[in-house]
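Chemist: Sequence:
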Amino acid sequence: MERERNYLIDAIKCLACFGVVMAHMATKSLGDEFYYIEAILGRCGVPIFFMISGYFAARHVKKDPENSGRWFLKNALRMIWQFLLFSVIIFAFYRLGNLLFHTDDLTLTINKDRIFRLLVLNEPLFSGVLWYLLAYAYCLLIYAAASHFKMGYRLLALVAPLLLLLYYILGRYSVLFFGESLPYYWSRNFLITAIPMFTLGFVMPELNIKWLTNQNILILSIISVLLLFAECMAFYTSLPIGRNNFIFNMPLSFLIVYYATHQPKITVPKDNLLAVIGKKYSLYIYGFQGLAVTLCSRLVMSIVHLDKETGAFVMAFYHISKPICVFLMALLMAFIYVKIVNILKKQISAARS
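The opening residue of the sequence shown carries number 1 in the numbering used here; numbering runs sequentially from there.
Derived by calculation from the structure, the hints in this document are not laboratory data.
Heads up, none of these hints are tricks.
Capping the alpha-carbon separation at 27 Å, the derived lysine-lysine pairs in DSS-like fashion look like this: (1) K279 x K63; (2) K346 x K279; (3) K346 x K74; (4) K280 x K265; (5) K63 x K265; (6) K62 x K279; (7) K74 x K63; (8) K346 x K280; (9) K74 x K345; (10) K279 x K74.
Between beta-carbon pairs, the in silico distance windows are: (11) Q215 x F313: 44 to 54 Å; (12) S349 x E180: 49 to 59 Å; (13) T310 x I348: 41 to 51 Å; (14) L344 x W211: 46 to 56 Å; (15) S302 x K265: 44 to 54 Å.
No experiment lies behind these values; they were computed from the predicted model shown.
Built from N, CA and C at the ideal position, the CB exists for glycine as well.
Work out the full structure, taking the sequences as your base and the hints as a guide.
Modeler: Below you can see the structure in the form of structure tokens.
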């Protein structure tokens with residue numbers, strides 16, 4: 001099975017992960033126009049992640065349909081475990097920082113409303129980036145339930161377009177329908193974000209759009225980028241650029257994933273750096289990005305305090321290359337994390353034997 005793996009998809013996962021970091025850590029040092037490009041293209045990262053996850057799930061279901069429900073449940077529990085583990089790590093990191101630096105980087109308020117939004121709308125108690133892990137987990141649980149019904153997968157495919165429409169109505173376009181911007185968690189949740197995007201990837205192996213040739217995909221991708229930028233400018237005065245996906249993020253993400261999963265001309269070897277990062281570390285980079293930006297900022301400020309002239313140069317460089325610096329720091333943290341986990345697994349395995 002390993003020899004059949006499409007490593008181009010892993011490379012795209014790496015680029016999508018960088019896109020997410022870029023959207024969260026976009027820099028204005030190169031001008032507003034560049035900032036907008038960073039923010040709006042970076043927003044393709046999450047749809048690509050969900051579509052790729054759905055694509056791999058569909059392949060597994062086709063290979064072993066009898067155990068699909070168990071597979072969905074197993075991976076859902078894994079995502080819940082990752083969510084809890086990252087929550088503890090992030091909370092401990094900021095609490096330690098508060099004690100050492102006498103800062104208030106993390107405030108944690110727990111009440112009925114926060115608990116409701118956590119359990120029903122998968123909004124984390126802190127560190128908003130972790131919403132993805134819990135949304136993905138809930139999505140897998142729903143697919144686990146659907147696997148026990150004859151028409152379960154088809155029903156999800158039928159309701160996915162409606163859910164995606166709600167994603168825009170309750171999200172960025174809520175200012176048109178309700179006269180104001182609705183709370184973020186109304187649109188950034190498992191029901192109207194994870195399920196339709198995952199479902200689009202789930203049906204991807206069955207799609208065979210003959211007119212969607214490589215040349216047409218390139219042309220349509222360019223058109224999508226241009227329309228995406230125009231759509232971005234239409235919201236320039238009413239909503240933050242980075243808030244939620246635009247409509248044209250979706251066709252651009254679809255075209256990228258469709259190309260990668262339908263006999264692409266581009267081939268990527270197993271040991272390709274982007275493929276290795278995408279396969280082994282992309283999930284952990286996503287989880288560590290919040291800590292990474294804090295560490296980068298602390299490091300830059302430490303250099304400023306040590307030497308103002310050198311610090312001024314380092315700060316200017318950091319402001320320009322912030323997405324790259326944060327991504328590399330998160331990658332380093334992910335690498336160390338995976339190493340530690342592997343060592344612990346070996347020790348536990350040795351103790352049991």
